[in-house]
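Residues per chain are reported as follows:
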Amino acid sequence: MFHAIIKCDTRTLEALALTFANDNSGRSNSALLRCLDYLSRQQQDVYDMNFEEVNHLLRILRLFGITYRKITRLPELETSNAIQRALGFRLDESGLEATISTSSFLARAESVSPLVMRRNDRNEIVVNSRQLGVQIATLLDGHLVSVLSNHAVACSGAKSFQDLCSTYLDERQLECQCHRLHVKRGDVPAIYNQQLQLHLRQILVLSQGEPYDWKERRNQRK
Amino acid sequence: MFESDEDFLELMDEYGFEKAPILETLGRYIEAGHLRAAAGETVAAIRLFAQGGDHDRAAQCLCDAFWEHLPYNTSVTDDNRKQIRTLEKVLPDIVEPSIHWKNEVGPHRFKCQALMGCSSSLCSMPLLNATQGPWRRLH
Chain L
834 MFHAIIKCDT
844 RTLEALALTF
854 ANDNSGRSNS
864 ALLRCLDYLS
874 RQQQDVYDMN
884 FEEVNHLLRI
894 LRLFGITYRK
904 ITRLPELETS
914 NAIQRALGFR
924 LDESGLEATI
934 STSSFLARAE
944 SVSPLVMRRN
954 DRNEIVVNSR
964 QLGVQIATLL
974 DGHLVSVLSN
984 HAVACSGAKS
994 FQDLCSTYLD
1004 ERQLECQCHR
1014 LHVKRGDVPA
1024 IYNQQLQLHL
1034 RQILVLSQGE
1044 PYDWKERRNQ
1054 RK
Chain S
14 MFESDEDFLE
24 LMDEYGFEKA
34 PILETLGRYI
44 EAGHLRAAAG
54 ETVAAIRLFA
64 QGGDHDRAAQ
74 CLCDAFWEHL
84 PYNTSVTDDN
94 RKQIRTLEKV
104 LPDIVEPSIH
114 WKNEVGPHRF
124 KCQALMGCSS
134 SLCSMPLLNA
144 TQGPWRRLH
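Protein sequences appear in the order of chains L and S. Just so we're aligned: 1022 in our numbering is position 189 of the first sequence, and the numbers increase by one with no gaps anywhere. Just so we're aligned: 112 in our numbering is position 99 of the second sequence, and the numbers increase by one with no gaps anywhere.
Please keep in mind that the hints were generated in silico from the structure rather than gathered at the bench. Take the hints with a grain of salt, since some may be wrong.
[Said to hold, decoys possible] Covered stretches of chain L (in silico footprint by chain S; criterion: 3 or more residues with CB under 8 Å from a CB of chain S, positions within the stretch not fixed): (1) 858-869; (2) 912-925; (3) 933-940.
[Claimed, not checked] Calculated Cβ distances over 10 Å to all of chain S for the following chain L residues: (4) Pro-908; (5) Asp-954; (6) Asp-974; (7) Ser-979; (8) Ala-985.
Cβ atoms here follow ideal geometry from the backbone N, Cα and C, with glycine treated the same way.
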């Protein structure tokens, strides 16, 4: 994983994220979070993507959404070993104080600076662990919303979500230079079906992790 | 002069000398590795664990070091590049670590086909051939 991060190998990290997600032992949670963090920060040019590429992107985004929603709704997420390992902090024996590694982004986060209680002899920040947990949930939730919102905005103008070019379809022009989709007349039903599936998957991705039952959903949001 | 290696090591410890180099000389690499790791000399510790044949521990140590330098929301920068390169150089020393550590630290080779077919999510429904190329091919 780290090798792929260093080499900026997005394809390998996507494959690893899917592999880690299938590990039910919980040992890969920190690595999964790290992979998804990297992938969610990569610029995706959705505009020219074909159906297959958009579907692949939606698969990764769905995993991203599910993972982040699950994490941000943990009752005391700061006690999770995976979160501590991934985000670079550790709790003391009492569990009341958290020491943040100097290399962690938390050490540089503006929202964490008011929580600083002191610095230890290694110049690491020591904070109240519960308050840190709340801040982490807020930061991760903000990142989740930001990524999904940007994705939705990008897709709203992307070719695969747009109408087909009617001029080309009506055979009024053999060649058309406009930016909409150009398909042969015979392929139209199949393309419409795929567009419909894509829209449904998009809805699924944007609402992922939300339980179907409204009572459960309300409880999770408390 | 000393009845055993242990006596010698005990005396060295008593006088505040470093035990790790002596353990290395005695071929006790894993014990030396533990001492190096405790002293924060991660790279030396990894090499000693690998030399002693404990590749899982070496991989774990390397993994911890990578996490230390590249945690969540951190990229390779001028500040950590040197340390990361040093860690990368240690990578070939580790032979056959467990699959868990291998996934986290090792280089990978995934085939595109395997990637496309390895999820059971709802987003992995089969696609029609008509749309698998770039749009311009459909023109």
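Verification of the hints:
| no. | hint | in the structure |
| --- | --- | --- |
| 1 | 858-869 | holds (count 6) |
| 2 | 912-925 | holds (count 4) |
| 3 | 933-940 | holds (count 4) |
| 4 | Pro-908 | holds, 20 Å |
| 5 | Asp-954 | holds, 13 Å |
| 6 | Asp-974 | holds, 14 Å |
| 7 | Ser-979 | holds, 13 Å |
| 8 | Ala-985 | holds, 15 Å |
The structure meets every hint from the earlier list without exception.
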